[in-house]
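2 protein chains.
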Amino acid sequence: MPAMNRCIVLDRRPGPEGVTPACFRLEEAPKPVPGPGELLIRVLWLSCDPAMRGWIAEGPNYSEPVQLGGVMRSFTVGRVEASNHPDYPVGCHVAGRQGWQLWAVSDGSDIDRIVDPALAPLSFNLHLLGMTGLTAYQGLMQMGKPKPGETVAVSTAAGAVGAVVGQVAKILGCRAAGLTGSAGKVADCIELYGYDAALNYRDYPDSEALSAALAETCPDGIDVYYDMTAGWISDAVMPHLNVGARIAVVGTMAIPSSPPPIGPRAHRDLLVKRASMSGFLVLDHFDKLEATVETLAGWYRAGRIRTREDVSEGLESAPAALMKLLQGTNRGKVLVHMPE
Amino acid sequence: MPAMNRCIVLDRRPGPEGVTPACFRLEEAPKPVPGPGELLIRVLWLSCDPAMRGWIAEGPNYSEPVQLGGVMRSFTVGRVEASNHPDYPVGCHVAGRQGWQLWAVSDGSDIDRIVDPALAPLSFNLHLLGMTGLTAYQGLMQMGKPKPGETVAVSTAAGAVGAVVGQVAKILGCRAAGLTGSAGKVADCIELYGYDAALNYRDYPDSEALSAALAETCPDGIDVYYDMTAGWISDAVMPHLNVGARIAVVGTMAIPSSPPPIGPRAHRDLLVKRASMSGFLVLDHFDKLEATVETLAGWYRAGRIRTREDVSEGLESAPAALMKLLQGTNRGKVLVHMPE
Numbered sequence: 001m002p003a004m005n006r007c008i009v010l011d012r013r014p015g016p017e018g019v020t021p022a023c024f025r026l027e028e029a030p031k032p033v034p035g036p037g038e039l040l041i042r043v044l045w046l047s048c049d050p051a052m053r054g055w056i057a058e059g060p061n062y063s064e065p066v067q068l069g070g071v072m073r074s075f076t077v078g079r080v081e082a083s084n085h086p087d088y089p090v091g092c093h094v095a096g097r098q099g100w101q102l103w104a105v106s107d108g109s110d111i112d113r114i115v116d117p118a119l120a121p122l123s124f125n126l127h128l129l130g131m132t133g134l135t136a137y138q139g140l141m142q143m144g145k146p147k148p149g150e151t152v153a154v155s156t157a158a159g160a161v162g163a164v165v166g167q168v169a170k171i172l173g174c175r176a177a178g179l180t181g182s183a184g185k186v187a188d189c190i191e192l193y194g195y196d197a198a199l200n201y202r203d204y205p206d207s208e209a210l211s212a213a214l215a216e217t218c219p220d221g222i223d224v225y226y227d228m229t230a231g232w233i234s235d236a237v238m239p240h241l242n243v244g245a246r247i248a249v250v251g252t253m254a255i256p257s258s259p260p261p262i263g264p265r266a267h268r269d270l271l272v273k274r275a276s277m278s279g280f281l282v283l284d285h286f287d288k289l290e291a292t293v294e295t296l297a298g299w300y301r302a303g304r305i306r307t308r309e310d311v312s313e314g315l316e317s318a319p320a321a322l323m324k325l326l327q328g329t330n331r332g333k334v335l336v337h338m339p340e
Numbered sequence: 001m002p003a004m005n006r007c008i009v010l011d012r013r014p015g016p017e018g019v020t021p022a023c024f025r026l027e028e029a030p031k032p033v034p035g036p037g038e039l040l041i042r043v044l045w046l047s048c049d050p051a052m053r054g055w056i057a058e059g060p061n062y063s064e065p066v067q068l069g070g071v072m073r074s075f076t077v078g079r080v081e082a083s084n085h086p087d088y089p090v091g092c093h094v095a096g097r098q099g100w101q102l103w104a105v106s107d108g109s110d111i112d113r114i115v116d117p118a119l120a121p122l123s124f125n126l127h128l129l130g131m132t133g134l135t136a137y138q139g140l141m142q143m144g145k146p147k148p149g150e151t152v153a154v155s156t157a158a159g160a161v162g163a164v165v166g167q168v169a170k171i172l173g174c175r176a177a178g179l180t181g182s183a184g185k186v187a188d189c190i191e192l193y194g195y196d197a198a199l200n201y202r203d204y205p206d207s208e209a210l211s212a213a214l215a216e217t218c219p220d221g222i223d224v225y226y227d228m229t230a231g232w233i234s235d236a237v238m239p240h241l242n243v244g245a246r247i248a249v250v251g252t253m254a255i256p257s258s259p260p261p262i263g264p265r266a267h268r269d270l271l272v273k274r275a276s277m278s279g280f281l282v283l284d285h286f287d288k289l290e291a292t293v294e295t296l297a298g299w300y301r302a303g304r305i306r307t308r309e310d311v312s313e314g315l316e317s318a319p320a321a322l323m324k325l326l327q328g329t330n331r332g333k334v335l336v337h338m339p340e
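Here the protein sequences line up with chains A and B, keeping their order. Per this note's numbering, the very first residue in the first sequence carries number 1; after that it's consecutive. Per this note's numbering, the very first residue in the second sequence carries number 1; after that it's consecutive.
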């Protein structure tokens, strides 16, 4: 057990070249000591998420930007090592937002819930049984409102969120069509996650070519589009919307943080198709976490949902793991394991 | 009573310069004779609507384009002059889609309803008590879902639809803010329609300047945006959306029919504000026409809704009346009267 704490802090905000490992630096600090009402957590698992790009950007966002010199914000799972807090006894496991560091002191406000290590592997609380599952399930249900027999298209279909969306769509009796970024991910979509069809958008030079391919992938049009990318990928989807289609805007991976991105205006497509585009932010839906975890855990135990993890070892690997996610070279949910 | 029919037909589709009077030509034809199951209508009032730009464009739209050489599509009010149809006796008045012509034969399929000339002036069935009122009321209620105390912004606020939207918003207990295109229309918004605030977007050189002005017009942000323009006017609205805002996309007056318009992508605004943009097409809501007319007629008779008409005389004036509407030099609902 190290006597010092180690953490990764935000060294500089991304410039025009986007996020790079140089945005971060490793720091050492004394291992923190919990005060009255506080607890000490040994962080065991870190999560890498697309939202991190927004968290470290300068521009306005739905949460406060990470401060320069501050510990990088992250969803985490850890074990309570010392506690002056009645709700969190020593030895229990917690999912929360302890950041990219080995040790964290908490007053409980950055803990989301106590997790049960017997239910599923601890790391699952950072994807299927955590924010990832909540984002996938509630975003699909509330914004997408899928009905049996409808076609659900998913961009970043093999990503941590997308893989759950596609599988839930299938469980609900929909046709699932995946847009993803490599041949390996196309294979995951079909073989691992059970999509009816999937295509690699990197095979197409532009929106028009991708749109032409989508005409074959989605012969009956698209009723629900779970959109994690925006940008040219989503432009290709618009012509295939059916009347009354619903677009869940969940992420914007394919457009830069700044300057404000320019592209085809959506208004006329929305009008002609009487379609809707609705922003979904998981932070608004924490109250549905327990119920969603129960639903997804049930499907997991019944063998109806499969997951894939892309695990890096050690705190130092976190920036590279994030890069892998942002560049799309990951396969499955990107996690960092910090063994003892 | 003329022995011949006269009609205005589509001579050519709009080119890059947009709609011009040269898109239309006047034609004479024998006065039609109703066959079995048909009726003959003397058209008395024609309506000019923003949707006409779409009806005569080549591009895909939500209704079939008007054929070249075909009578210009239009909402109309007329009187039954001869009838072999049991539902429409001679002398009754009907609102329908008889087009820009003096005489029309109908089998009933292009008649929307029988109207009561005692309820309000006949022409009102082409705005407050017709598609205009239905578009305003249902678009606001179903897509905008306004709640008392919220701010409702309306683009083309003094137009036929916008004027009703603003007044309904006020009746529902909202704050109403109008975006409109002339000083005279600003005056109409405030003095005639009761908006809390209004501004003339032509006073501003670009979206940024308009957006800065909106910060003063809507100090509490915007909860509902009833959007008839899209384009640079709507771009100025986006930064003022409150969390959970609803945008009703009802028209796209400020963007060209072709080529596909380019502008700021809406995705990130929708995501950060958890806002929605939904296309509304009045054709989907015909089943609510009677109930809506009843609601709006009640408010009109109670003096709670005011209207303004911009009337041209004679069939020949219809293309110029449409130009007036599309150029925004009208004051109130643009109508063409065809007296006997």
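Check before you lean on any hint, since a few could be wrong.
One copy or two, it doesn't matter: identical chains are merged, so the pair holds either way.
Said to hold, decoys possible - The calculated DSS-like cross-link candidates involving lysine-lysine, where the alpha carbons are at most 27 Å apart (straight line), are:
| # | residue 1 | residue 2 |
| --- | --- | --- |
| 1 | 145 | 324 |
| 2 | 288 | 145 |
| 3 | 170 | 288 |
| 4 | 170 | 31 |
| 5 | 288 | 147 |
| 6 | 147 | 324 |
| 7 | 170 | 147 |
These aren't lab readings, by the way, just hints derived from the structure by calculation.
We went through each hint and held it up to the structure:
1. 145 with 324: Classified as neither: same-chain Cα gap 32 Å, cross-chain 42 Å, threshold 27 Å.
2. 288 with 145: The answer is both: 16 Å in one copy and 24 Å across copies each meet 27 Å.
3. 170 with 288: Classified as within: same-chain Cα gap 21 Å, cross-chain 35 Å, threshold 27 Å.
4. 170 with 31: Neither way: residue 170 and residue 31 sit 47 Å apart in one copy and 60 Å across, limit 27 Å.
5. 288 with 147: both (21 Å within a copy, 25 Å between copies)
6. 147 with 324: The answer is neither: 35 Å in one copy and 45 Å across copies each exceed 27 Å.
7. 170 with 147: For residue 170 and residue 147, the Cα distance is within 27 Å only inside one copy (11 Å; across copies 37 Å).
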